[in-house]
Structures are given as C-alpha cells and as structure tokens.
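Colleague: Sequences listed follow chains X and B, in order. Taking the working numbering, the leading residue of the first sequence gets 1, the next gets one more, and so forth. Taking the working numbering, the leading residue of the second sequence gets 1, the next gets one more, and so forth.
The hints are simulated quantities; they were obtained by calculation from the structure and are not laboratory data. Check the hints yourself; a few may be wrong.
As the list claims (entries may be wrong) - Selected chain B positions facing chain X (Cβ under 10 Å, derived; list incomplete): (1) 6; (2) 31; (3) 41; (4) 48; (5) 88; (6) 104; (7) 105; (8) 107.
Here the structure is a predicted model, which is why all the values come from computation and not from measurement. Ideal Cβ placement from N, Cα and C applies to all residues, glycine included.
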Amino acid sequence: DQQVKQNSPSLSVQEGRISILNCDYTNSMFDYFLWYKKYPAEGPTFLISISSIKDKNEDGRFTVFLNKSAKHLSLHIVPSQPGDSAVYFCAASARLNYGGSQGNLIFGKGTKLSVKP
Amino acid sequence: EADIYQTPRYLVIGTGKKITLECSQTMGHDKMYWYQQDPGMELHLIHYSYGVNSTEKGDLSSESTVSRIRTEHFPLTLESARPSHTSQYLCASSDEIRVGMDYGYTFGSGTRLTVV
Chain X
1 DQQVKQNSPS
11 LSVQEGRISI
21 LNCDYTNSMF
31 DYFLWYKKYP
41 AEGPTFLISI
51 SSIKDKNEDG
61 RFTVFLNKSA
71 KHLSLHIVPS
81 QPGDSAVYFC
91 AASARLNYGG
101 SQGNLIFGKG
111 TKLSVKP
Chain B
1 EADIYQTPRY
11 LVIGTGKKIT
21 LECSQTMGHD
31 KMYWYQQDPG
41 MELHLIHYSY
51 GVNSTEKGDL
61 SSESTVSRIR
71 TEHFPLTLES
81 ARPSHTSQYL
91 CASSDEIRVG
101 MDYGYTFGSG
111 TRLTVV
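Isolated chain B, as found in the complex:
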C-alpha cells in the first residue's frame, strides 16, 4: 500500500489553464521533492522542501510553484499551463539518513500531464 499519494494520475488540459498537482505522504517525512521526467531522460529536481514553510527551487528551472503548509502535503501549481509543460511529474519524500541503514526516497506513482 502506497505511503505517498499523487493525484491525478493522468491529466489532459488546455493551454492557459491553472492546474495543481497534489502530493501527500503519511510517513511524517520532513523532506519532500518534485521531479520532472521526460521519456528516456533523467529525473530532474524542480522543487524541494525540508519542512513546513520551507521551499527551494531545484536544479531544473521550472515555471511551477510549490507550497508546504503542512508536513504531509506538498502541492505543485502551474498558473498557466503550456504544451512545454507536458511531462511526468513525480513527488517523493525522505527521512533523515541514518549511517548503517539503507536509505532512499519514497516516490509516488506520478502524474502524467499533457497540455494541448
């Protein structure tokens, strides 16, 4: 059973529309991330948050914005969608690394966004 949830799974929307991609986790993780991935390409970090009221831009420039008002919720918003925003958006969360223990991000199932 998934501990991190993304909705919607698929979204087709017209140019100029405002959209919000939802991401929620039930693990109490402080750190959350948004990655963007195009087919055959690496996952690019576009936003991250280390806790409530903390948000930072990632390595890949993005016109989207994020908010972190609650620990469990990290939504991503596009004010005016364009065809160039067509991609898969993956949300992830993580706990602090502990030496000697395996560590990894937990990813949601992703949102496949198509802007027409």
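So here's chain X without its partners, still in its complex pose:
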C-alpha cells in the first residue's frame, strides 16, 4: 500500500503561471517531507523540504505547504519557467522523531510537469 501518493501523473502549465503539485501521505509517523526534481537520464535533485513543526517553507520561486490534519502537502512554483519541466517526486520520512530505518525516505510516483512557453 502506497504511503506517499501523487495522484496526478502529469501537469501542464503556461510559462509565468503558478504550478501546484500535490502529495498525500497515509503514515502519521512521517515528520519530514521533501520535494525532488528529476530530469530524464539523471538522478533526482533535492529541491525543498519542510518539517512537521512548520506549515510553510519558501525558497525563491518554490514554496511547500503542509497540512498535517489532512496529511497533504503541496509544492507551488511561481512563476513557472520552461526549465522547471521535469518529474517532481514527493518524499517523506519519520527521521526527526524516530530515526533508524524509519528515517529512510519513502517516495511517491512523481508528477511530470510541463511548462509551455
């Protein structure tokens, strides 16, 4: 059973507009959440993270929102650029409070973002 779910396999957005990528999780022990970006034939690169003690974290054009009660997080990219076109993976772990193997990252299936010029 998937613990981290990204229900939209793809998303298409116009350049300059907002991209919103969504992620749901089922494990209430998760206390740290991350977004990764992956280009074809490359490994994922870390984008932004948020711990469960926060509900928002910003880094430039990227903002992650966490709604613990709904077990939902989202990544906002504003403004979207063609270079943002990639697959975005949501990941979660129970590392902060539990450690050990609970700290290993669990990944979703990814959402392919296409930003059109």
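Place chain B on chain X using the hints.
Modeller: Only chain B this time, still in chain X's reference frame:
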C-alpha cells in the same frame, strides 16, 4: 560537479551474466542507499547502509546484494541477471539530519540496466 558517482550510466547485458553497479561518494556520508525505479513508478528502496560493514534490505525485495567495505563505496551486484531486473538503479547518500537545516539525499545519475 557531482559528489556521488555511478558507473556505468547505461548497461545492456545478456541473461545469466553477473554484473556489479558501482557507486562512490566523496562527501564522507555514513548513510548510503540503492533505489530501483521503473518508468512512471515510485523509487523503491532495495538496500541501505548506515556505515562500514552495515547493510540492510529495503522495502522492495531484490535479488541483488550489496557490500560496504569502505565509507565511500557501495556497490550493488546481481549474480545472474534476468530480464525482470531491467530498470533504473539510483544510488544516494546522506548525512545526519540537523534540526533547523535543510536536509536531503544526494543522488547519483543512475544506471539504466537492460537485460536481454
């Protein structure tokens, strides 16, 4: 410049062959991981190591084996490759999480394995 290196990038090999996928990191990270990913699917953890001489199986059962004799090196071996092993294999490493600091795994570029 990459701090974690995987070789080869692409490999096409016949059924029954023994293969080793190499992974090395220069960051001094204690923790290293192997993930397997098929197109459109999540990354599945198949092996991890928390330090030298420490190896554990991940969430996804795999016929591969790993070793960790040196901190920087975490190779993955398939004794007898089969077409079902065709996939992308991603190696990653991480440091201890520090409260208040951003944290994430550093991934290699991956090895795309095709077994024919």
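Colleague: Can you verify the interface hint for residue 88 of chain B: is its Cβ closer than 10 Å to any Cβ in chain X?
Modeller: holds, 9 Å
Colleague: If you take the shortest Cβ to Cβ gap from residue 105 of chain B to chain X, is it below 10 Å?
Modeller: holds, 6 Å
Colleague: Against chain X, run the beta carbon of residue 41 of chain B and see if the smallest gap drops under 10 Å.
Modeller: Since chain X brings a Cβ to about 6 Å from residue 41 of chain B, closer than 10 Å, the hint holds.
Colleague: So, residue 104 of chain B near chain X? Judge it on the closest CB pair being under 10 Å.
Modeller: Given a least distance of 3 Å, the restraint on residue 104 of chain B holds.
Colleague: Does residue 31 of chain B pass the interface check with chain X, least Cβ-Cβ distance below 10 Å?
Modeller: For residue 31 of chain B, the interface hint holds, since the closest Cβ of chain X sits about 9 Å away, which is under 10 Å.
Colleague: Restraint: residue 48 of chain B near chain X, CB-CB cut 10 Å. Satisfied or not?
Modeller: Since chain X brings a Cβ to about 6 Å from residue 48 of chain B, closer than 10 Å, the hint holds.
Colleague: With chain X as the partner, please determine if residue 6 of chain B meets the hint condition of a C-beta pair closer than 10 Å.
Modeller: holds, 8 Å
Colleague: Under 10 Å is the threshold here; is the Cβ of residue 107 of chain B close enough to any Cβ of chain X for the hint to stand?
Modeller: holds, 3 Å
Hint check: no violations occur; every hint is consistent with the structure.
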